[in-house]
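Residue numbers (the numbering used here), protein chains in the order written: chain A, 1 to 196; chain B, 1001 to 1472.
The hints are simulated quantities; they were obtained by calculation from the structure and are not laboratory data. On a predicted model such as this, the values are computed, not experimentally measured, just so you know. Among these hints, one or two may not hold up.
Some, not all, of what chain B presents toward chain A, calculated at C-beta under 10 angstroms [said to hold, decoys possible]: (1) A1284; (2) N1290; (3) A1293; (4) L1334; (5) D1335; (6) Q1336; (7) H1353; (8) G1358; (9) A1417; (10) R1420; (11) L1422; (12) A1426.
Sample of chain A residues lacking proximity to chain B, with all beta carbon distances greater than 12 angstroms (derived) [what the hints assert, rightly or not]: (13) I10; (14) L19; (15) Y23; (16) Q30; (17) A125; (18) S133; (19) L136; (20) Q139; (21) L140; (22) S151; (23) A172; (24) D176.
We put the beta carbon where it would ideally sit given N, CA and C, even for glycine.
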Amino acid sequence: MISKQLQAAILTLALVILLMGLYGVHLKRQAERLQNTQQIHAIAPPVTGSSGELTLWIPNDSDGTLHEQDVDATLPQDPGQRGQQAIHALIGALEAKDSPHRLAAGDVRAVYLLNDNSAVIDLSAQLADQHRSGILPEQLTVFAMVQTMSSAVPKVTRVRFLVDGHDRETLAGHIDLKSWYDVATVAAATRQLGQH
Amino acid sequence: MLSRRSRRNLGLAILLASVLLSVVQNGFAQNKRLTIYSVQTAYSVDVLAQNGVDYVGLVDVLEPVGHVESHVEGDHVRLKFNNADCDFENGKTQARIRNANLDLGANFLVLNQHGYVPLSSVPALLRSLTGKPNEFHAAARRLFMGVQPTVFKAELQRNPSRLVLTFASPVAPSVIATSGRVRLLFSHEPIIPFGNESSTYGDALISSTSSREINGAFEFTANVAQPASVNYAESGRQVIITASTNAAAAQPSAQKQPETPLPPPHFDRPAPPKSKFLVVIDPAHGGTDNGDAITPDLAEKNVTLALARRLARDLETRGIASTLLRTSDIAISLDQRANSANTARPAVYVSLHASSQGNGVRVYTSMLTVPSPPPDRRSFLPWETAQAAWLDVSNSLAAAVNAACASKSLPVRSSPAPVRPLNNIAAPAFAIEIASPADNPAAVNSGRYQDVISAAIAQAIADSRAHMEVTQ
């Protein structure tokens, strides 16, 4: 015969094990949620500078146009950092759930300003790999980045892209990512998109 | 006796060998092709070997010769060809065509949401659906539907030695020159050998010729001294093989040159003589590149190929020659597409896309700007900006396509866009992206919807032809 005290002890231990197991599952789910959140939202780089307004060019899939949107942000003095901050803010806005042109994931890795007023935007592979395929969605993303870069650093006259530091033929199968984009030409093409 | 480990290793080796053999067999099977010659067009489809039986895609076979609407429901492929209702069932040897049974000779297959019919059943299937008689050359996989196979005349002329091949209509063979031989491969002409398949001439420079039907094509071989040249005459009705009397003709066999296929081998249909008004149609994506996922079961690459076939048919009915950069599900790089298009020296290049986003038709031209002065089209052109020399014509053509689509009440918009490979095309060029007419993205694959778009594009090109021929 097992004494009543021993039975109570075994039951108590079993209950403790069960509760610990449930708590472990809860912690695991919480960690997974946190990880997913980190994947979806761009991680803000540490920036210093004065507060001000950034102009983001937000694409709209429903009518195939881009419109300007001013946001409050920290504006670094260094033009390269300011350009990166602007592209980072743009990607963050487009990754939001209510974005009219949803990007799945990814971020800008770096922005390089060259002496001839050219800018090179280095995007993460995640952004390009998970981008929707199609002429219109790819064109809107590229135009939005070029226009936003031009608004943040007005001296930039042309822009090109890298993905994880390398050349890439197209963003997601359609739009050229190897050529330089002339800022004035993109501005004119953006206006043309808005005329429809 | 083998130890247990040896037996296990032997078993693994046999399994590995079987897998390799299967891969090799499938690799060869992918190279097999069926070519169908009809009054409207000639087209090739890939042959797929399954369980020792050759199969071809049901829609691939029917789409170029009629209006096809098909959908897969479980094991059934329900298809409407023009006004005929058809029902095919996976694993069944009979199909229902217009409420009558058609014996397929082997099981119908559904693989990856695509229906496949046994190759041997294609003549009966086409006869039943089109009502036209056909002649099937099974060994060479060539099917002549409502078209009489034609023969040609070969005549040897001397001083200089040259072989003159005369055909009933213009031809555009692929030319493969090797040491001691010139091979002409006719993929889209319904030509068959005449009389003797081999002829001996006894000429010092052109000794003999042979011809045969093979793998959906007709092949003519001339045994000639090197080097030899191939020229066209009589508006493409004559092909002249001229053997050089140059001392270089006596090249030792050890210095054989590698095979130099012209045009490039990935080009499904060879370039006709330069004087022809040719439209190069580029169905975007293919192979492992699916493009946009229109729906989970519908890839952009399949929509573009279907639209390309319709456009080729509609151009042909307007008397305009066209060629597709791919006629099957194969991957071609963007640079290869531009290279193949430029090699064909087309009058127009059209890149076809489809999208799950938006609706209607979007017409795109290059985003390049025209430099001042404009580049000379006859001079050397940089690869990255080759299109700049034709941008004015491309924009006019895009405007004509826009107007033609609008006249058919299609929602349409035009804009410049950095779509690859438009900048590399040395000809008037534009890209089309079609989206569904309504909220249902899958509707972009509707045959009737694509027919309207295809007719609009073809009409715009036909209407612009006279102006373009003058400006070029």
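Structure-based check of all given hints:
1. A1284: Holds, because the Cβ-Cβ distance from A1284 of chain B to chain A comes to roughly 8 angstroms (cut-off 10 angstroms).
2. N1290: For N1290 of chain B, the interface hint holds, since the closest Cβ of chain A sits about 8 angstroms away, which is under 10 angstroms.
3. A1293: 8 angstroms, holds
4. L1334: Holds, about 6 angstroms.
5. D1335: Interface hint status for D1335 of chain B: holds (9 angstroms vs cutoff 10 angstroms).
6. Q1336: 12 angstroms, violated
7. H1353: 6 angstroms, holds
8. G1358: 6 angstroms, holds
9. A1417: 5 angstroms, holds
10. R1420: Hint on R1420 of chain B: holds, closest Cβ of chain A at ~5 angstroms, below 10 angstroms.
11. L1422: It holds, given that the least Cβ distance between L1422 of chain B and chain A is near 9 angstroms, below 10 angstroms.
12. A1426: 17 angstroms, violated
13. I10: 47 angstroms, holds
14. L19: 42 angstroms, holds
15. Y23: 38 angstroms, holds
16. Q30: 31 angstroms, holds
17. A125: Its Cβ never comes within 12 angstroms of chain B, the nearest being 17 angstroms, so this holds.
18. S133: 4 angstroms, violated
19. L136: 5 angstroms, violated
20. Q139: 5 angstroms, violated
21. L140: 10 angstroms, violated
22. S151: About 20 angstroms separates S151 of chain A from the closest Cβ of chain B, which puts it past 12 angstroms; holds.
23. A172: A172 of chain A is in fact no farther than 12 angstroms from some Cβ atom of chain B, at 9 angstroms.
24. D176: 4 angstroms, violated
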